[in-house]
Amino acid sequence: GNSVTQMEGPVTLSEEAFLTINCTYTATGYPSLFWYVQYPGEGLQLLLKATKADDKGSNKGFEATYRKETTSFHLEKGSVQVSDSAVYFCALSSPGTYKYIFGTGTRLKVLA
Amino acid sequence: GAGVSQTPSNKVTEKGKYVELRCDPISGHTALYWYRQSLGQGPEFLIYFQGTGAADDSGLPNDRFFAVRPEGSVSTLKIQRTERGDSAVYLCASSRLAGGGTDTQYFGPGTRLTVL
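Protein chains in written order, with the working numbering: chain A, 1 to 112; chain B, 1001 to 1116.
If you are wondering where the hints come from, they were derived from the structure by calculation, not from laboratory data. Ideal Cβ positions, reconstructed from N, Cα and C, are used throughout, including at glycine. Don't take each hint at face value.
Subject to a maximum C-alpha distance of 25 Å in a straight line, what follows is the list of computed SDA-like cross-link-like pairs (lysine to any residue) [unchecked claim]:
id	chain 1	residue 1	chain 2	residue 2
1	A	52	A	70
2	B	1011	A	42
3	B	1015	B	1065
4	B	1011	A	45
5	A	77	B	1106
6	A	52	B	1104
7	A	60	B	1106
8	B	1078	A	77
9	A	60	B	1026
10	A	52	B	1064
11	A	60	B	1104
12	B	1011	B	1061
13	A	60	A	19
14	A	56	B	1103
15	A	77	A	96
16	A	109	B	1089
17	B	1015	B	1086
18	A	60	B	1002
19	B	1011	A	104
20	A	109	A	14
21	A	52	B	1102
22	A	52	B	1106
23	B	1011	A	43
24	A	109	B	1109
25	B	1011	B	1096
26	A	109	B	1040
27	A	109	A	7
28	A	56	B	1102
29	A	109	B	1086
30	A	56	B	1097
31	B	1011	A	40
32	B	1011	A	41
33	A	68	B	1102
34	A	77	A	106
35	A	52	B	1096
Simulated restraints on C-beta separations [unchecked claim]:
id	chain 1	residue 1	chain 2	residue 2	range
36	B	1002	A	81	26 to 32 Å
37	A	53	B	1084	40 to 46 Å
38	B	1028	A	12	40 to 46 Å
39	B	1057	A	81	38 to 44 Å
40	B	1002	A	26	34 to 40 Å
Use the sequences and the hints to build the structure in full.
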């Protein structure tokens, strides 16, 4: 079946460091891929998405590129801020379906 | 505009009791979803509504769980004879359209259910 695998957390970085959170997936066909973020005490918010191979999603300085050949959708940011501290979830949705399949989440802590 | 709202935000109940969790989706959104998020895990799909009908309830763990959406807007997730293992955050999401896989789902803040 379809699945999403994320790197284990927590990830602890200093402010202005480079961030990569790995996400790989298993799915039939060409799923849509999403990154959601959950800030402390808040609900899940869409961060970015990509709906076809080689698409790059971007938002708030975060980027992720849909790589079909490596079945990956790694999240990157060039310079993290303390306010980026949150839990990040990678998710997929297969064509013709509606439900999301989520990874287990990666907690990011950014230190000043 | 208003986002997805869920009530109550917290619910504490005793084992064996019945609970109802409510979701009010974004106005005009056709599709509505329920997920369950256990501690340290990602959300897991429970049920999906297209309009008033449950198009897929394959994620409901057993027959103690039931959900309705009688007028195609507000939805209620109902849990009978609650068990301690039902403790989790129950998330509701809605999207404008359904299917195709590209539609963005907008999540509510969740209801934290604790079964003592």
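Taking the hints in turn, this is what the structure says about them:
Our distance criterion of 25 Å between C-alpha atoms is met by residue 52 of chain A and residue 70 of chain A, whose separation comes to about 14 Å. Note on residue 1011 of chain B and residue 42 of chain A: the hinted pairing holds, with a Cα-Cα distance of about 17 Å set against a maximum of 25 Å. With a CA separation close to 15 Å, the supplied pair residue 1015 of chain B and residue 1065 of chain B stays within the 25 Å bound. Between residue 1011 of chain B and residue 45 of chain A the CA atoms are separated by roughly 23 Å; this keeps the pair inside 25 Å, and the hint holds.
Our distance criterion of 25 Å between C-alpha atoms is met by residue 77 of chain A and residue 1106 of chain B, whose separation comes to about 23 Å. With a C-alpha separation of about 14 Å, the suggested pairing of residue 52 of chain A with residue 1104 of chain B holds against the 25 Å cut-off. At roughly 18 Å between alpha-carbon atoms, residue 60 of chain A and residue 1106 of chain B fall within 25 Å of each other, so this suggested pair holds. As the CA atoms of residue 1078 of chain B and residue 77 of chain A are separated by approximately 41 Å, the hinted pair breaks the 25 Å bound.
In summary, the hint linking residue 60 of chain A to residue 1026 of chain B is supported, as the alpha carbons are separated by about 24 Å, within the 25 Å threshold. For a cut-off of 25 Å, the pair hint linking residue 52 of chain A to residue 1064 of chain B is broken: about 39 Å separates their Cα positions. For the suggested pair residue 60 of chain A and residue 1104 of chain B, the alpha carbons sit about 18 Å apart, so the restraint of at most 25 Å is met. Only pairs whose Cα atoms come within 25 Å are accepted, and residue 1011 of chain B paired with residue 1061 of chain B is accepted, the gap being roughly 20 Å.
Between residue 60 of chain A and residue 19 of chain A the alpha-carbon distance is near 13 Å, which keeps this suggested pair within the 25 Å criterion. Between residue 56 of chain A and residue 1103 of chain B, the direct Cα distance comes to roughly 17 Å. Compliance with the 25 Å bound is thereby established for this hinted pair. Of the pairs offered as hints, the one joining residue 77 of chain A and residue 96 of chain A is violated, with about 31 Å between alpha carbons and a cut-off of 25 Å exceeded. A hinted pair counts as satisfied when its Cα atoms are at most 25 Å apart, and residue 109 of chain A with residue 1089 of chain B qualifies at roughly 22 Å.
As the CA atoms of residue 1015 of chain B and residue 1086 of chain B are separated by approximately 9 Å, the hinted pair is consistent with the 25 Å bound. Note on residue 60 of chain A and residue 1002 of chain B: the hinted pairing holds, with a Cα-Cα distance of about 22 Å set against a maximum of 25 Å. Restraint check for residue 1011 of chain B and residue 104 of chain A: the C-alpha separation of about 24 Å stays at or below 25 Å, so the hint holds. This hinted pair checks out: residue 109 of chain A and residue 14 of chain A have alpha carbons roughly 8 Å apart, not beyond 25 Å.
Annotation: proposed proximity of residue 52 of chain A to residue 1102 of chain B holds, straight-line Cα distance about 9 Å (limit 25 Å). Note on residue 52 of chain A and residue 1106 of chain B: the hinted pairing holds, with a Cα-Cα distance of about 20 Å set against a maximum of 25 Å. Only pairs whose Cα atoms come within 25 Å are accepted, and residue 1011 of chain B paired with residue 43 of chain A is accepted, the gap being roughly 17 Å. Using a Cα cut-off of 25 Å, the hinted pair residue 109 of chain A and residue 1109 of chain B holds, with the two alpha carbons roughly 21 Å apart.
Proximity of residue 1011 of chain B to residue 1096 of chain B is assessed by CA-CA distance (about 29 Å); at most 25 Å being required, the pair is judged violated. A hinted pair counts as satisfied when its Cα atoms are at most 25 Å apart, and residue 109 of chain A with residue 1040 of chain B qualifies at roughly 15 Å. Annotation: proposed proximity of residue 109 of chain A to residue 7 of chain A holds, straight-line Cα distance about 14 Å (limit 25 Å). Between the alpha carbons of residue 56 of chain A and residue 1102 of chain B the distance comes to roughly 14 Å, so the proposed pair stays at or under 25 Å and holds.
Among the hinted pairs, residue 109 of chain A with residue 1086 of chain B is inconsistent with the structure: their alpha-carbon atoms are about 29 Å apart, more than 25 Å. Distance hint between residue 56 of chain A and residue 1097 of chain B is fulfilled; the C-alpha atoms sit about 23 Å from each other, no more than 25 Å. Note on residue 1011 of chain B and residue 40 of chain A: the hinted pairing holds, with a Cα-Cα distance of about 19 Å set against a maximum of 25 Å. Of the supplied pair hints, the one linking residue 1011 of chain B and residue 41 of chain A holds, its CA atoms being roughly 16 Å apart against a limit of 25 Å.
Taking the CA atoms of residue 68 of chain A and residue 1102 of chain B, the gap is near 16 Å; set against the 25 Å cutoff, the hint holds. A distance of roughly 15 Å separates the Cα atoms of residue 77 of chain A and residue 106 of chain A; the hinted pair therefore holds under the 25 Å criterion. Our distance criterion of 25 Å between C-alpha atoms is met by residue 52 of chain A and residue 1096 of chain B, whose separation comes to about 20 Å. Checked against the given bound of 26 to 32 Å, the beta carbons of residue 1002 of chain B and residue 81 of chain A, roughly 29 Å apart, stay inside it.
Range check, residue 53 of chain A to residue 1084 of chain B: about 44 Å between beta-carbon atoms, so the 40 to 46 Å window is met. For residue 1028 of chain B and residue 12 of chain A, the hinted distance range of 40 to 46 Å is satisfied, since their beta carbons lie about 42 Å from each other. Between residue 1057 of chain B and residue 81 of chain A the CB atoms are about 41 Å apart, so this pair conforms to the stated range of 38 to 44 Å. Between residue 1002 of chain B and residue 26 of chain A the C-beta distance comes to about 36 Å, which sits within the given range of 34 to 40 Å.
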